[in-house]
Each structure stands twice: as structure tokens, then as C-alpha cells.
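Participant: Listed below are the residues making up each chain.
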Amino acid sequence: MRSEMDVYVPRTLDEALQQKSAHPDAISLAGGTDVMVEINFGRLRPAGIIDLTRIPELREWRREDSHLFLGAGVTYSRIVRELADFVPLVQASRSVGSPQIRNRGTVGGNLGTASPAGDALPVLAAYDAEVVLQNRRGTRSLPWHTFLQGPKKTAMAPDELIRGTRWQVVNGPGSFSKIGTRNAMVIAVAGLCLQVDQDARQVRVALGSVGPTILRAPEAERFIAERLTWDDPGAPVTDEVVAEFAELVGRAAKPIDDVRGTARYRVHGCTVLAGRALRWALEERKAFKWL
Amino acid sequence: MKTKTGVRGGIGQSVRRVDGVPKVKGEFEYASDLRRDGMLWGETVRSPHPHARIKAIDIRAALESPGVRAVLLAGDVPGKKTYGLDAQDQPVLAWDVVRFAGEPVALVAAEQPEQAKQAATKIVVDYEVLSPVTEMEAALQADAPKLHPQGNVVRQLRVIHGDPEAEAEVWVEGTYETGMQDQAPLGPEAGLAVPAEDGGVDLYIATQWLHADLEQIAPCLNLPPEKVRLNLSGVGGAFGAREDVSMQIHACMLALRTQRPVKIAYGRQESFYGHVHRHPSRIWMRHGATRDGKLINVQAKLLVDGGAYTSTSPAVIGNATTFAAGPYAVPNARLEGTAVFTNNPPCGAMRGFGAVQACFAYEAQMDKLARAVNLHPIEVRLKNALKTGDVLPTGQRVTGAAPVRDLLSRCAALPMPPAESPLDRDRMLIPGGAGNVGHGEALTRGVGFAAGYKNLAYSEGFDDSSEAWVRLSVDQEGPLAEVKTAAVDVGQGLDTIVTQVVRTELGVQRVLVRQPDTAIGSAGSSSASRQTMMTGGAVQLACQAVRDEVLRRAGTSIIPDPLDEYLRPPIEATRVFRHRRTGKLDADGQGDPHVSFAFGAARAVVEVDTELGLVRVVQLAVSQDVGRALNPQSVRGQIEGGSAQGLGLALMEEIELKDGKIRNASFTDYLLPTILDMPPVVSDLVEEPEPGLPYGAKGVGEPSTVVVPAAIVAALRAATGRELPRAPVKPDELVGIR
Chain E
0 MRSEMDVYVP RTLDEALQQK SAHPDAISLA GGTDVMVEIN FGRLRPAGII
50 DLTRIPELRE WRREDSHLFL GAGVTYSRIV RELADFVPLV QASRSVGSPQ
100 IRNRGTVGGN LGTASPAGDA LPVLAAYDAE VVLQNRRGTR SLPWHTFLQG
150 PKKTAMAPDE LIRGTRWQVV NGPGSFSKIG TRNAMVIAVA GLCLQVDQDA
200 RQVRVALGSV GPTILRAPEA ERFIAERLTW DDPGAPVTDE VVAEFAELVG
250 RAAKPIDDVR GTARYRVHGC TVLAGRALRW ALEERKAFKW L
Chain R
0 MKTKTGVRGG IGQSVRRVDG VPKVKGEFEY ASDLRRDGML WGETVRSPHP
50 HARIKAIDIR AALESPGVRA VLLAGDVPGK KTYGLDAQDQ PVLAWDVVRF
100 AGEPVALVAA EQPEQAKQAA TKIVVDYEVL SPVTEMEAAL QADAPKLHPQ
150 GNVVRQLRVI HGDPEAEAEV WVEGTYETGM QDQAPLGPEA GLAVPAEDGG
200 VDLYIATQWL HADLEQIAPC LNLPPEKVRL NLSGVGGAFG AREDVSMQIH
250 ACMLALRTQR PVKIAYGRQE SFYGHVHRHP SRIWMRHGAT RDGKLINVQA
300 KLLVDGGAYT STSPAVIGNA TTFAAGPYAV PNARLEGTAV FTNNPPCGAM
350 RGFGAVQACF AYEAQMDKLA RAVNLHPIEV RLKNALKTGD VLPTGQRVTG
400 AAPVRDLLSR CAALPMPPAE SPLDRDRMLI PGGAGNVGHG EALTRGVGFA
450 AGYKNLAYSE GFDDSSEAWV RLSVDQEGPL AEVKTAAVDV GQGLDTIVTQ
500 VVRTELGVQR VLVRQPDTAI GSAGSSSASR QTMMTGGAVQ LACQAVRDEV
550 LRRAGTSIIP DPLDEYLRPP IEATRVFRHR RTGKLDADGQ GDPHVSFAFG
600 AARAVVEVDT ELGLVRVVQL AVSQDVGRAL NPQSVRGQIE GGSAQGLGLA
650 LMEEIELKDG KIRNASFTDY LLPTILDMPP VVSDLVEEPE PGLPYGAKGV
700 GEPSTVVVPA AIVAALRAAT GRELPRAPVK PDELVGIR
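Going down the list, the sequences are from chains E and R.
Taking numbering that gives the first Met the number 0, I'd label the letters of the first sequence as residues 0 to 290.
Taking numbering that gives the first Met the number 0, I'd label the letters of the second sequence as residues 0 to 737.
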């Protein structure tokens with residue numbers, strides 16, 4: 000184990016990309032709320048650290064036609080303050096850690112760490128977001144499910160940085176929910192994001208902390224897409240349909256027992272959250288703003 | 000006692016904490032802030048195995064590692080190889096067998112903390128891994144590996160009271176468990192050892208009891224006690240975690256070996272391995288009563304897991320067993336307690352000290368009895384409530400205040416929280432909080448009660464006296480009182496109380512509390528809710544002696560005003576306060592074991608999301624027997640803090656073990672309540688002065704921690720109709736899928 004570590008402090012994106020290219024074994028660091036924990040526990044000992052917090056381009060978000068681009072360095076606190084239109088993302092961001100952690104932590108960090116418990120990740124999955132990567136030669140975009148390869152495993156090349164994430168702005172209600180054994184500042188036992196897409200006539204559901212990576216619930220999504228009366232948001236949906244949808248979502252979960260909860264409880268939790276999230280979305284859909 | 004006119008901040012007033020502003024501003028120096036020029040950093044190598052034989056230790060690579068100045072093993076311990084508060088059975092460094100995962104095996108001192116950590120990883124210990132004994136029942140089997148020469152029983156006692164075979168009309172029975180709670184003081188263990196020219200050592204340390212540390216450190220260093228001088232450093236909370244020695248001997252060994260100052264400061268993870276925890280318990284009880292709910296007979300078998308070494312287990316099981324019938328008049332009882340050795344982390348002192356586990360069991364039983372005889376939980380408790388003059392199962396007669404009936408009726412009458420619609424409240428106040436898991440679905444409320452009690456000061460014949468020195472002098476600004484004791488303000492506010500006592504007794508506004516050290520006599524531990532009465536008492540006695548001298552000099556019967564001319568030369572006095580003598584228990588658990596008692600009652604109102612098993616505690620209401628509140632705001636602070644720690648045990652705080660290894664040694668996964676989990680506490684101070692104690696004040700730190708876990712879990716049972724025999728209650732138990 001090395002005792003020394005090089006810390007790079009680039010001021011521009013170009014500088015950062017050059018350093019990442021020159022030192023592919025250096026780890027990028029934004030808020031440090033994951034990386035520093037790993038280092039302090041002795042589980043991670045990178046040869047170097049590239050501190051990305053001084054690069055203005057990474058801290059931007061913008062609308063690009065019908066898409067939203069979210070820079071990797073936008074903190075959860077800023078998302079809560081500045082991106083109120085993106086309700087599930089705001090709800091997920093508000094559920095992250097403490098105020099101090101939300102002031103430091105970023106969605107780019109969630110992507111880089113690629114933990115199945117990353118709170119923003121089910122939201123990106125339900126948005127069908129893509130991840131924008133950049134190295135000295137250029138940028139490329141990967142769908143979220145191609146980028147996230149497994150627990151703490153991504154498709155990012157050693158010379159790449161996470162530039163940000165981009166998704167098509169969705170027309171329809173949605174929500175994010177997270178179960179934890181404490182009422183705040185807790186790692187998810189199970190997380191769920193449900194997003195209705197009126198234009199695509201889809202209901203997309205993504206689950207966190209119940210599998211090696213973020214999971215979607217395709218069977219449940221197909222089932223509910225067929226049962227909804229897409230042209231009439233006021234059309235009733237029976238309790239049986241909601242229950243079956245919830246059941247199918249529960250079946251999509253592939254959890255394990257660990258120190259935070261049992262697999263059985265996690266499946267149960269996904270089922271309950273799915274039923275609730277669907278009802279909330281259906282209620283909201285009845286309101287005029289989605290017509 | 001009347002405070003002299005014009006002197007502010009005497010006893011009975013909500014005086015602001017003397018350490019409050021520096022702590023809030025970040026100016027208070029905690030032990031982890033200690034620094035000295037040329038100091039080295041110490042690091043501890045710990046066993047990863049809960050049970051193993053050490054075959055060899057190779058330190059060559061570590062010695063050659065950059066910056067390393069010393070690597071020490073068990074053979075380097077200069078004196079006695081073991082220490083302990085009760086039995087000295089815990090190795091300073093393991094040399095033969097390790098008995099828990101996290102047991103110290105080697106020490107490193109290096110110029111930089113990183114260098115020390117790096118070197119520690121280079122120490123190669125060759126272990127022969129042995130199979131660990133991790134279950135209490137398994138440890139008691141005849142064929143279980145003996146973890147200590149005397150076997151696996153730390154202490155076994157029984158209390159036989161009246162006719163334990165007495166018949167009853169109604170019986171209720173249950174088995175209850177509590178998990179291993181961590182004290183989780185926010186300041187991890189830290190200290191600085193500085194070698195002295197006389198061959199001794201000065202240790203700057205955050206602890207609960209300087210003299211108990213000294214008694215354990217000096218023999219291990221093979222130094223006479225006067226050559227080991229302890230100086231209190233800033234203590235960032237304790238709750239029992241600092242009763243046992245942690246890094247004290249280690250830092251001194253490294254300092255003496257290197258002849259350099261050595262600092263050891265644990266991080267959070269190491270802190271989980273470096274101190275004892277609350278004993279997990281499994282308690283069987285059977286209560287017999289008349290058809291109208293009057294207790295006839297209480298049977299109990301208590302088992303607590305002491306882990307790998309003795310620590311304070313004998314006193315913890317003594318408490319749990321003698322309190323097992325609760326604050327009730329019980330004519331007949333058989334109470335049997337056993338503390339066992341296992342290869343789990345050692346358990347010892349934590350706020351509530353055995354009384355918490357017992358209360359969780361006996362109060363669940365009282366609710367079962369209430370249902371069996373069709374009485375309200377409060378009624379069945381009132382019917383059996385202990386009062387002054389009653390006899391406890393040990394045969395000890397309660398001579399002091401025991402306002403149990405008062406506590407129960409007052410607690411039940413405290414204002415209930417208003418009913419709240421889920422629709423018009425902040426979503427954060429729905430169970431699940433920031434997780435946004437519900438908009439009010441499947442919510443039910445439950446209300447639960449608990450009463451309980453705890454001894455004050457040390458029991459079973461222990462003479463834990465306290466010494467105080469007071470000096471009254473005069474300078475340009477007028478009279479100045481200085482006070483010194485070895486008593487530790489762990490954050491509970493003792494220094495403030497001492498200041499109030501001095502002002503009241505001497506009528507002097509300016510009081511300086513000197514930093515404690517071992518140059519003065521022992522003050523006993525800041526534990527067992529004892530310092531206000533013991534050190535408060537010693538300071539009162541010393542002040543009275545000083546006052547007598549003032550009166551003699553002035554030839555008056557009241558303190559003269561102005562006082563200045565009578566203080567040349569200054570007046571000094573040193574006095575010792577002792578509590579009344581107690582006695583050991585006989586073979587049937589009969590005797591006079593406890594000094595005094597503090598009682599409490601709690602009501603919890605909870606709201607449960609019954610589909611997800613998530614909880615919001617809506618309100619805690621605590622009526623507490625405080626004798627007399629010397630600083631009402633501080634008393635309420637203790638009740639609120641004690642309630643928070645009780646809430647933690649009820650709902651989330653547990654060291655999770657697998658095969659003897661801690662799985663959640665961090666604040667990421669060892670969950671403490673946040674402000675969103677902790678409801679407002681309605682605290683009600685019941686003041687019935689305790690005869691024989693200074694100002695009639697009882698200790699106030701523990702009763703809320705004793706009763707709140709039982710009250711919260713009772714409320715959860717009421718909300719869900721489930722048994723919930725174990726704390727902490729997990730979400731899956733609340734929805735019935737465990």
C-alpha cells in the first residue's frame with residue numbers, strides 16, 4: 000500500500016481531462032461523500048485524486064430543447080432549490096444524507112460510485128437518462144443501464160470523466176420514495192421511482208437497493224401501460240389493477256439480506272411503495288396540468 | 000438553603016452551562032484536540048478474529064516502516080499484563096489467546112498518524128483461528144470451550160423473596176430481548192501521554208473516573224501511583240463508554256518507551272471496537288397476580304452477554320436481577336440472573352446499567368397482566384406501585400422518596416399531542432420522514448406507558464466517596480471561590496452544578512472550577528447518576544468548613560458583607576462526602592445493596608405505518624422523581640437526552656454481530672436518532688426531597704433512559720397488536736414478516 004497520494008486541483012475542464020488522461024489510476028472526486036468514506040475506512044487507496052470541485056462547467060445544468068442536461072457537479076442542495084419541476088429528482092435529492100452531505104454530494108458522484116443504494120439513480124433510470132462521458136478526444140453518451148454495470152462497476156474508461164447526465168423532459172407525474180430505518184439521513188433499504196410518461200404512454204418504475212444495480216420493472220410497466228386509459232386520465236383504475244401492478248414490481252426486486260434489512264422485507268417494501276406511487280400518480284394525472 | 004441577596008446563579012436556578020458557549024463556538028478543547036511539540040501518534044493493531052490463538056507475531060516490516068519509533072507487544076508491558084474495573088482479566092495486549100474481534104494485539108508509534116497506520120498494516124500476526132462462542136445459552140453448555148479459567152459464568156445470583164412457590168389466580172409469561180447498544184459518545188477515545196523527568200508519565204485523558212484509570216494504569220506500567228499523573232482533558236460525552244480503560248495504558252507504554260509525547264485518538268470505527276457496550280439481554284418472566292391485578296409472585300430468569308471480559312458485568316447483572324420485579328410491591332419472588340462470557344465484544348457500563356433491560360421485560364409483563372385482568376395499564380401499575388416503607392425483593396426497605404403513584408398519575412395526565420390529519424402536516428412528519436414513503440396511508444397511533452427505577456451511586460458495599468477542595472480568597476475584583484475535585488464533567492453539566500453549590504453556600508459570585516486531576520482524592524465515577532449528590536455533597540461540605548472559618552474570623556453568625564477583609568490569608572478546606580453504607584447480598588440475594596433510588600414514568604405516543612413498519616414517535620412524556628431540581632433546565636436536558644438514547648434502543652440502535660464480528664461499526668449503519676426521529680419531550684419534575692442527600696437532590700441522568708424504551712415498544716404493541724418481544728423493533732417485525 001502506498002503511503003503517499005497525489006492530489007490534482009484542475010481549474011478548467013481541459014486541465015482535468017489532461018490530468019485524467021495522464022493519471023488514469025487517479026480517482027475523480029467531487030463532493031467526496033463516498034470517496035472519502037472509503038479512504039477513511041481503508042477500503043480505497045487511490046494513487047491520486049483529481050478534485051473536480053473547481054471546474055465551473057461541471058456545476059451547470061441547462062435545458063437543451065426537450066432535454067435537461069445536469070452537470071455532474073450539481074449538488075443535491077442545488078437540485079432541491081433550482082430544479083423544482085423535476086419532482087422525483089428533488090424528492091430523491093432531499094432524501095440524501097444530512098444538509099452537510101447534500102451541500103457536498105452530487106449526482107455525478109452517485110453515478111461514479113454506482114452503488115445500488117445511490118438515491119438519484121432510480122430517478123435517472125425512470126427518466127431513461129443517458130450518462131455523458133468525456134475524455135480528451137471527445138464525449139460519448141451511454142444509456143443509464145449500459146453505464147451502470149453492477150455494484151460499484153461502471154462502463155467508464157480510466158481516462159474519462161462524468162460530464163453529466165441528460166434526459167428527455169417527461170410529461171407526466173412521478174415520485175421517488177425511499178425506505179430507511181430512520182426518518183432522515185439513512186441509506187436506502189429500498190428505493191423506488193415511478194414516472195408516468197403521457198407522451199410515450201409509459202409508466203416507468205425503477206428500484207434501488209434491491210439488486211446488484213438499479214432495476215426496472217418491465218413486466219409491471221407493460222401491465223400498467225395496457226390497463227391505463229391513456230386518453231382519459233379521469234378513467235377509474237381498480238384496486239385489483241393497482242395491487243397486481245404492485246405485485247409485479249415486487250417481483251422485479253432481486254434483493255439480498257444484509258445489515259440494513261432482509262430480502263423479504265425489501266420485496267414487501269417495493270410492493271407497498273409501488274402501489275402508493277401509482278395511486279399518487281393517478282390522482283395527480285386527474286388534475287388538469289397533465290391534460 | 001437561601002442564596003445570599005445579590006448573588007445570582009445559586010442552586011435551584013436554571014443557570015446557563017459554564018461550558019456552553021465555548022462548546023457551541025467550537026472553542027472547547029476536547030481530548031482529540033490535544034497536541035504537544037514533538038509528539039508521536041499511536042496506533043493499535045487489533046485481532047480480526049473473535050477467538051484465536053496467537054502463534055507468532057512478526058514486527059520486522061513494521062519496525063522498518065517510515066517514521067516508526069516503536070512497535071510494542073504484550074511482552075513489552077512493563078508490569079501487570081491485565082487490567083479491569085472489577086476482575087483484572089483483560090490483557091493490555093493479547094499474548095496467547097484473543098477473545099473478541101477488535102482485541103488489541105500490538106501498538107505502533109510513528110511521527111505521523113498515516114505512518115503509524117501504514118506500519119500497523121505491516122504487522123503480521125499468525126493466528127490459529129478457534130471457533131467462537133457467540134450465543135449466551137451455548138456458552139453455558141457443559142461442553143462449551145471455557146473462555147476463562149473459571150468457566151463462562153461471570154456472575155450468577157438469585158434473589159429469593161417471601162414464598163417463591165406462592166400460587167396466584169392469574170399468570171402471565173414472556174421472554175424478552177434487548178440488543179447490544181453503543182454509547183456512541185460524539186468524541187471518540189483520545190488522550191496524550193507525556194513522559195516525565197522523574198521516570199513517570201503525565202496522561203491527559205477524556206475519562207469518567209480519573210482514579211479508577213490510575214489504579215489500573217500504574218500497575219501495568221510498573222510505576223508507583225504517584226508517578227502516574229492523570230489530567231482531565233475535554234470529554235465529548237461518555238454514557239458509560241469511558242468507564243473502562245481504552246487507550247490509556249497503550250499511550251503511556253509508547254510514551255515511556257520512546258520518551259516522546261504520544262497521542263492516541265480513535266476514529267469512529269475504532270471506537271466501536273475500543274469500548275464496551277450495553278449488555279444484550281434475554282429475560283424470561285412469569286408474573287402471578289390476583290384476579291383484580293394485585294401482584295403475588297414474580298419469577299424471572301435473566302441472561303446478559305458480558306462478552307469477552309468481566310468489565311462491569313457483575314454489577315450490571317446485580318442491578319438487572321435486583322430490579323427485575325420493577326417499582327412494585329411484590330410479596331414473593333424468585334429472580335435469577337446470569338452474566339456470561341462469550342467471544343462477543345465486551346459489554347459493560349451504559350446509561351441505565353442493567354435497569355434498562357429489566358424494565359423492558361417487567362413493563363411488558365405489566366401490560367400483559369393489565370390485559371389479563373382487564374385493567375388499564377396505568378391502573379394495574381397504580382395498584383402495585385412501590386411506596387416509601389415497602390420492602391424490595393432483596394429485603395431492602397425503601398426509606399427515601401418513592402413517589403411511584405404520583406409519577407404514574409402525573410405522567411398519564413400530561414397533555415396528549417393533538418390528533419393530526421396526515422393531509423395538513425409537513426410530509427416530513429409522516430413515518431418514514433424524508434424518505435417520502437407515504438401521504439398518510441395505513442397510519443395508526445398507539446400509546447404506551449412504563450414505570451421503572453434505578454439505583455443512585457454504587458451498590459453492594461462499594462464506598463465511592465468524593466473529595467473536594469475549596470479556597471476562598473480576595474483579589475482586585477473582590478472575593479473569589481476556587482473549587483477543585485477529581486470529578487469529571489462528561490457533558491452532563493457537573494461544573495455548572497458545582498458553581499451553583501459554591502455560590503449558594505458561600506454567597507460569592509465569582510467561582511472558578513479548576514481542571515480535575517489525580518493530585519486530589521478520588522471523586523468516584525461520573526456514572527450511576529451520582530456526581531451531583533456525591534461531588535455536590537463534597538463541595539457543600541468543603542464550603543461549609545470555609546464558611547465556618549469566615550464566621551470565626553468575623554465573629555458573626557452570618558457571612559459578613561463585604562467579605563474581603565476576612566479573606567487575608569485565604570481560607571481553604573478539603574472535605575470528603577460518603578453516602579450511607581450498603582451491604583453485599585447473601586446467597587439468597589438478601590441484603591441492603593442500594594444507596595437510594597430514582598423512579599420515572601414515561602408515556603409514548605407513536606404513529607406506525609402498518610404496511611411498511613415505519614415509525615414516528617409523536618410525543619414522549621416523562622415524569623421523573625428528581626428529589627430536588629438544582630438546575631431545572633439541566634434536569635430537563637438530562638431527561639430529553641436520556642429519552643433520545645432510550646428511543647434509539649427502542650427503534651434503531653443496535654450493534655449487529657455475525658459470528659462475533661461487528662457488521663456496522665460506523666454511523667452509516669449504526670443508526671442514532673436524528674432530530675426528525677426525536678419528538679418533543681414533555682418533562683415533568685416531581686420534587687420530593689430525598690432525606691440524607693445534599694439539598695435533597697437525586698441523580699437525574701438515567702431514569703428516562705430506563706423507562707422510554709419500554710414505553711415506546713408498549714406504544715408500538717398498542718398500535719399494531721403484535722408481540723414485539725425484542726428491542727430494537729425492526730420494520731419487518733412491525734409488519735409481521737420476520
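Any given hint might turn out to be false.
Think about it this way: if two alpha-carbon atoms lie no more than 25 Å apart in a straight line, the pair counts; the simulated PhoX-like pairs of lysine-lysine are [claimed, not checked]: (1) K657/R x K253/E; (2) K145/R x K657/R; (3) K367/R x K253/E; (4) K293/R x K226/R.
Quick caveat, the hints were computed from the structure, so don't treat them as lab data.
Participant: Please go over all the hints and tell whether each is borne out by the structure.
Facilitator: Checked hints:
1. For a cut-off of 25 Å, the pair hint linking K657/R to K253/E stands: about 23 Å separates their Cα positions.
2. Our distance criterion of 25 Å between C-alpha atoms is met by K145/R and K657/R, whose separation comes to about 20 Å.
3. Proximity of K367/R to K253/E is assessed by CA-CA distance (about 40 Å); at most 25 Å being required, the pair is judged violated.
4. Note on K293/R and K226/R: the hinted pairing is violated, with a Cα-Cα distance of about 59 Å set against a maximum of 25 Å.
Taken one by one, the earlier hints fail for this structure at numbers 3 and 4, listed in ascending order.
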